[in-house]
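Q: In the order they appear, the protein sequences are chains A and B.
Position one of the first sequence corresponds to residue 0 (numbering that gives the first Met the number 0), numbered consecutively onward.
Position one of the second sequence corresponds to residue 0 (numbering that gives the first Met the number 0), numbered consecutively onward.
Incorrect hints may have been included.
Because identical chains share one entry, a pair is satisfied inside a single copy or across any pair of copies.
[Unchecked claim] Taking lysine-lysine pairs in the BS3-like style, the calculated list, with each CA pair at most 25 Å apart, reads:
#: 1; residue 1: Lys47; residue 2: Lys108
#: 2; residue 1: Lys108; residue 2: Lys121
#: 3; residue 1: Lys94; residue 2: Lys2
#: 4; residue 1: Lys2; residue 2: Lys47
#: 5; residue 1: Lys2; residue 2: Lys112
#: 6; residue 1: Lys47; residue 2: Lys3
#: 7; residue 1: Lys108; residue 2: Lys94
#: 8; residue 1: Lys2; residue 2: Lys121
#: 9; residue 1: Lys94; residue 2: Lys112
Bear in mind the hints are in silico, worked out from the structure with no lab data behind them.
2 protein chains.
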Amino acid sequence: MAKKLHFEDLEVGMRFESRPMEVTGEEVLQFARRYDPQPFHIDPVAAKDTFFREWVASGWHTTALSMRLVVETVPIEGGIIGGGVEELRWPNALKPGDTIRLVVEVIEKRTLKSRGDVGLVKVRMTTLNQRGEPVQTMIPNLFAPLRAAAVPAPG
Amino acid sequence: MAKKLHFEDLEVGMRFESRPMEVTGEEVLQFARRYDPQPFHIDPVAAKDTFFREWVASGWHTTALSMRLVVETVPIEGGIIGGGVEELRWPNALKPGDTIRLVVEVIEKRTLKSRGDVGLVKVRMTTLNQRGEPVQTMIPNLFAPLRAAAVPAPG
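Next up, chain A with everything else stripped away, as it sits in the complex (with noise of 0.2 Å):
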């Protein structure tokens, strides 16, 4: 098992770099259709009479698939828990068939007065597609627990 990251082994500027993933029409109709029914999510012949003008993924869908990569790519001890994102934009539509990679940068670090287990780690998250462009930037604050607050282990 690879080794997880406290508090402590964050620092500033650290960088950590996902897996290709593809992103199939299928995936993209299955999503929209349960949690962004809209023309451009969910039709790809009426998409292109609306603002987008072809057919286009969820927003929320380029989050929801960020989010596994981070979670297959930032070996935080305890897991990827988020507390609250301070900035998300979709610079460009993610497309059916695109090929998306996560990059994710550390960017400031705080302990917290109201408890003293775990810190705060804020990251700047941004999903490209694959000709290298930005289909989602996000400053999401991640928790992650101290070393020093873990109880030694026996023996």
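Knowing the structure of chain A, use the given hints to seat chain B on it.
A: Coordinates of chain B only, in the frame set by chain A:
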């Protein structure tokens, strides 16, 4: 068909409220297995030994369900199209079996220098559980088409 709202129709202080929607454990599992496969979301037993101390839905599932409700609830001409999110918080975890509803309030609106056919409407979207506790708060900007920019109907 219900009358759809243009930029001019959306006034600061307007408020929309969704139907209630139950979130089943089966759905929590399905979403999390695909997009957020962590023990506190996919394993009701193992969840007890995590940060959350119980089985909870993914924050990104809360977001996706809230998108479903906003699509049903706010009848903007051309659809619900996000121009980015300024803030996103999960003050309480969404739990399997909860029933949520969404409240949307218009808090600001502005036209754009870059294009004359749409404006941006800033809203506060609050997702509440069956006890009226917020499980999500979000401040997105939504695009809304200007009626003034529409091509006049023939005749």
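Q: Now tell me, hint by hint, if it's right for this structure.
A: Evaluation of the provided hints:
1. Lys47 with Lys108: neither (44 Å within a copy, 27 Å between copies)
2. Lys108 with Lys121: Within one copy, since 6 Å is at most 25 Å while 29 Å is not.
3. Lys94 with Lys2: Neither. Shortest intra-copy (35 Å) and inter-copy (30 Å) distances fail the 25 Å Cα cut-off.
4. Lys2 with Lys47: Cα proximity of Lys2 and Lys47: across copies only (22 Å, versus 48 Å in one copy).
5. Lys2 with Lys112: neither (27 Å within a copy, 50 Å between copies)
6. Lys47 with Lys3: between (46 Å within a copy, 20 Å between copies)
7. Lys108 with Lys94: Intra 34 Å, inter 29 Å, cutoff 25 Å: neither.
8. Lys2 with Lys121: Classified as within; 21 Å inside a copy, 43 Å across copies.
9. Lys94 with Lys112: neither (43 Å within a copy, 27 Å between copies)
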